[in-house]
Amino acid sequence: DAGVTQSPTHLIKTRGQHVTLRCSPISGHKSVSWYQQVLGQGPQFIFQYYEKEERGRGNFPDRFSARQFPNYSSELNVNALLLGDSALYLCASSLVGQSTGELFFGEGSRLTVL
Amino acid sequence: DAKTTQPNSMESNEEEPVHLPCNHSTISGTDYIHWYRQLPSQGPEYVIHGLTSNVNNRMASLAIAEDRKSSTLILHRATLRDAAVYYCILRGSNYKLTFGKGTLLTVNP
Chain A
1 DAGVTQSPTH LIKTRGQHVT LRCSPISGHK SVSWYQQVLG QGPQFIFQYY
51 EKEERGRGNF PDRFSARQFP NYSSELNVNA LLLGDSALYL CASSLVGQST
101 GELFFGEGSR LTVL
Chain B
1 DAKTTQPNSM ESNEEEPVHL PCNHSTISGT DYIHWYRQLP SQGPEYVIHG
51 LTSNVNNRMA SLAIAEDRKS STLILHRATL RDAAVYYCIL RGSNYKLTFG
101 KGTLLTVNP
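For the record, the sequence lines run as chains A and B. If you count by the working numbering, then the first sequence holds residues 1 to 114, one letter each, in order. If you count by the working numbering, then the second sequence holds residues 1 to 109, one letter each, in order.
Just so you know, these hints were derived from the structure itself, not from any lab. Wrong hints could be hidden among the right ones.
Only some residues are given here: those of chain A computed to face chain B with a beta carbon under 7 Å [unchecked claim]:
(1) 54
(2) 56
(3) 90
(4) 105
(5) 106
(6) 108
A quick note: this is a predicted structure, and the numbers were derived from the prediction, not measured. Glycine is no exception: its CB is placed at the ideal position from the N, C-alpha and C atoms.
Produce the entire structure from the sequences given, and follow the hints as far as they go.
Given below as structure tokens:
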């Protein structure tokens with residue numbers, strides 16, 4: 001079975017541009033979360049979506065937005081990119097949005113902002 | 001979110017057991033203890049989780065102190081493929097994982 005898939009795997013943008021990152025969860029998983037991992041740090045929570053509704057948001061500015069589609073795939077959008085947005089963006093899916101549920105992570109999209 | 005404290009790094013030899021400690025003195029009664037690991041150039045991978053009792057699965061064992069203020073992840077026979085950053089995370093009733101910096105495990109051949 002396919003795991004969590006993310007695209008693109010790598011991309012380079014310049015300051016001020018916009019980026020869209022995509023995530024396909026494991027088949028049957030209805031919850032998708034997004035994390036940002038800056039080099040040398042642990043991942044930081046950005047959003048969680050469950051059944052197409054936003055269920056949680058981390059401490060990120062409004063330039064960050066996301067949505068979940070009827071097929072449970074998800075997009076993360078970042079506007080007005082800053083150099084500090086350079087990071088690995090991780091998507092994770094789970095069967096349900098409960099605290100004991102195991103999260104399955106994709107390999108991430110590495111964003112470089114120049 | 002309740003905080004965890006882990007050593008920055010640990011070293012082990014191949015085929016030997018590894019005990020990775022985690023302190024979480026402010027844990028609440030409803031917090032689950034989760035462990036994830038992240039191999040180089042990959043996303044985090046679930047290892048194990050528990051609430052009060054010790055837990056075993058095919059990857060590892062989790063030993064939880066009686067007062068729940070600390071726990072230990074045990075890899076019974078380390079392999080080179082176990083070299084990774086190991087994260088100890090407390091997860092309450094919310095939806096998110098709060099990662100710290102974790103422990104970088106080096107496995108020597």
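Here is how each hint holds up against the structure:
1. 54: With Cβ-Cβ at 10 Å, over 7 Å, it is violated.
2. 56: With a closest approach of 5 Å, the residue 56(A) hint holds.
3. 90: For residue 90(A), the interface hint holds, since the closest Cβ of chain B sits about 5 Å away, which is under 7 Å.
4. 105: Status holds, d = 3 Å.
5. 106: For residue 106(A), the interface hint holds, since the closest Cβ of chain B sits about 5 Å away, which is under 7 Å.
6. 108: holds (5 Å)
Hint 1 alone, counting from the list given before, is not met by this structure.
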